[in-house]
Amino acid sequence: MVFEKELNLDATELRLGLPGSSEESLRISNKRALPDMNDDSGVAAAKKCDQETAPPTKAQVVGWPPIRSYRKNSLQTKKTEAETGGMYVKVSMDGAPYLRKIDLKVYKGYPELFKALEDMFKFKVGKYSEREGYNGSEFVPTYEDKDGDWMLVGDVPWEMFINACKRLRIVRGSEARGLGCVV
Amino acid sequence: MNYFPDEVVEHVFDFITSHKDRNSVSLVCKSWYKIERYSRQRVFIGNCYSITPQRLIARFPGLKSLTLKGKPHFADFNLVPHDWGGFVYPWIKALAKSKIGLEELRLKRMVVSDDSLELLSKSFPNFKSLVLVSCEGFTTDGVAAIAANCRFLRELDLQENEVEDHRGHWLSCFPESCTSLVSLNFACLKGEINLASLERLVARSPNLKSLRLNRVVPLDTLQKLLMRAPQLVDLGIGSYVDDPSSEVFSKLKAVIQLCNSIRSLSGFLEVAPWCMSAIYPICENLTFLNLSYAPGLQGNDLTKLVQQCRKLQRLWILDCIGDKGLGVVASTCKELQELRVFPSDPYDAENAAVTEEGLVLISAGCPKLNSLLYFCHQMTNAALITVARNCTNFIRFRLCILDPVKADPVTNQPLDEGFGAIVRSNKSLKRLSLSGHLTDQVFLYIGMYAKKLEMLSIAFAGDSNKGMLYVLNGCKKLRKLEIRDCPFGDVALLQDMGKYETMRSLWMSSCKVTLGACKTLAKKMPSLNVEIINESEQLEFSLDDRFLVDKMYLYRTLVGHRKDAPEYVWLL
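First to last, the sequence lines map onto chains A and B.
Going by the UniProt record's numbering, the residue at position 22 of the first sequence is 22; the numbering climbs one at a time, nothing skipped.
Going by the UniProt record's numbering, the residue at position 64 of the second sequence is 64; the numbering climbs one at a time, nothing skipped.
What the hints contain is simulated information worked out from the structure, not anything from laboratory work.
Keep in mind the model is a prediction, meaning the values are calculated, not measured.
Among the hints, a few may not be true.
Now the in silico label distances, taken between C-beta atoms and shown as ranges [claimed, not checked]:
hint: 1; chain 1: A; residue 1: Trp158; chain 2: B; residue 2: Tyr280; range: 20 to 26 Å
hint: 2; chain 1: B; residue 1: Val233; chain 2: A; residue 2: Asn73; range: 25 to 31 Å
hint: 3; chain 1: A; residue 1: Asp149; chain 2: B; residue 2: Phe288; range: 35 to 41 Å
hint: 4; chain 1: B; residue 1: Leu258; chain 2: A; residue 2: Pro157; range: 25 to 31 Å
hint: 5; chain 1: B; residue 1: Pro175; chain 2: A; residue 2: Gly95; range: 56 to 62 Å
hint: 6; chain 1: B; residue 1: Ser197; chain 2: A; residue 2: Glu132; range: 46 to 52 Å
hint: 7; chain 1: A; residue 1: Ser129; chain 2: B; residue 2: Val233; range: 45 to 51 Å
With the Cβ distance kept under 10 Å, some of the chain A side facing chain B (calculated, not the full set) [to be verified]:
hint: 8; residue: Gly63
hint: 9; residue: Trp64
hint: 10; residue: Ser69
hint: 11; residue: Asp94
hint: 12; residue: Gly95
hint: 13; residue: Asp147
hint: 14; residue: Met151
hint: 15; residue: Met160
Don't be surprised by glycine CBs; every beta carbon is placed ideally from N, CA and C.
So that you can see chain A by itself, here it is in the shape it has in the complex:
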């Protein structure tokens, strides 16, 4: 069901039949062939198309799929918000002269976070186990949550962690023993 959308100016082809019955009717320069999907007003610049257009793919069709702009904009906002807008938290390390700030949104999970912290502060995190925390390492990553409590990094799922974390503190191993070890 492909119907022609070309502008046909060949005078010899014009017929005297009823309007609409002729396949060679004149058409205003057709914008539909290549409309700009992101065009807010829905009015694409008039473009003459020289070739037959294929059935419209969805990326090119104005007003399709039929969703209210409010809904479309809502979902798009959520997408861009998820992509932009950092989640910066302060990071302190015992003995370091000044604090740093990192954007938690940049990391996909704990391994990436630890690598970044290790690079930044030149230390090693050590292996995490649920039972013993970071046993065996000199430094232990902790965070302050929304209630103001200091928690061990790594216990809860990543998404939960980045939403709860207000600041990070890398604690010297000797102090951290109380946090990480099961007595």
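Dock chain B against chain A, hints included.
Positioned in the frame of chain A, the structure of chain B alone reads:
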């Protein structure tokens, strides 16, 4: 009945509430016309250009509640340019000048300015209820005027409007003396509000039954609001993110247990899936659940939630629920009447979220289903035929395949037979939207079987004028027909011009209708307004009649051409 005094007849008319019935009653005789018009309080005007406010006021002096619709339906999808029309200001101005004691105004797809809202708020001392759906043109300043000046406001319901947000003081404009609120919905506003004002407002509104928050209202405010308003029946949650081990969250869990009147839940505009379990206690009583703005809920979190909702009658959801998730809905929600599945990513071809399988499962599991809006990646004739066998109660059936011309992927056939089965077995069908690869055949079926059809939406379908003619000839109850990108032309348009007087409106865009045919129609039918939307800048009116118009919108009217059309709209 004519031997009864007028007061008795009027009292009888009090029991006749539907617009259709009251309209019929008024046509019986002069005496009934007179009694009916003086006693009429609620008027519905489906096309604001079909009548003028002056004539409305003249006929119904007792008017209290007015519903107005403005732009054509396809305006929702960006097919109607900015400033096309649908301005509410002239209506409010005329009503304000009159003696009408307006109490309720419901608008859909209209342009509402801050000035209109301000005038509205100052002109009607008993104004109680404002509902705006899919409107635009106003800012939170206009909303502030309503809050500040409507002393007895019961309902402020803003649904899916594009509102310019001037950040926040509008809520604080409700005076301390305002204690009458029953329904407050500001979910579509994007900006900050004064949370303390909101808490105080809810605290002094003992009749509040419906509260829908926007995304800036955080979870701890939600908890405080629910403490103040455990009697809520309808709740729209804004932001639902917290650490489940926090104290606030425990308080929320506790207060939700007290909210056992909640029957309708929506929002979750920001959501942390691990917090959802707090909601479970109210799930078992829910009759309406709207998660269509909550893309943060996916997969298991979604299905676990739905599994708690055994009494659900209406479900609005995103397609990330998947076919499997729809299977869970089918086995849990036996009372389901209405299902809407929206696309979470409208332009994503890759990840087929829901297909025909999900729909078949729903049709098999939900015997009471009567209303469907389904966005999917593909559909088969076999599936539609199965659905038609399982469900014979459809009143609304809207299917949208994301690729608008996609055929049955299994057989490569058009979907004529599938939709044919739907219309054949659902004799009460009032509204139908088609998509996919379709030929004239589907329209033959529609004309033959869809005898109660009132609204039909067609896109990228059909082969020839015959398609449109089958519909115009067969669907006797047709009121609204909207067509885009179909090869229907002048022959179909002009075959039965009188038909359009029985309908509210016809929209045709990117079809094969010529300017000449439109002019002919306009000339022969003075009771219709035939409008051409021409967005191309170069062209002038004196074009060749053989030019194919891009967009035509015609509607019946009692008052001739409108005076507010922009330059690019030609009134023939």
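Inset, instruction - Against the earlier hints, flag every one the structure doesn't satisfy and list their numbers going up. - result: Checked against the structure, the hints that fail are numbers 11, 12, while the rest are satisfied.
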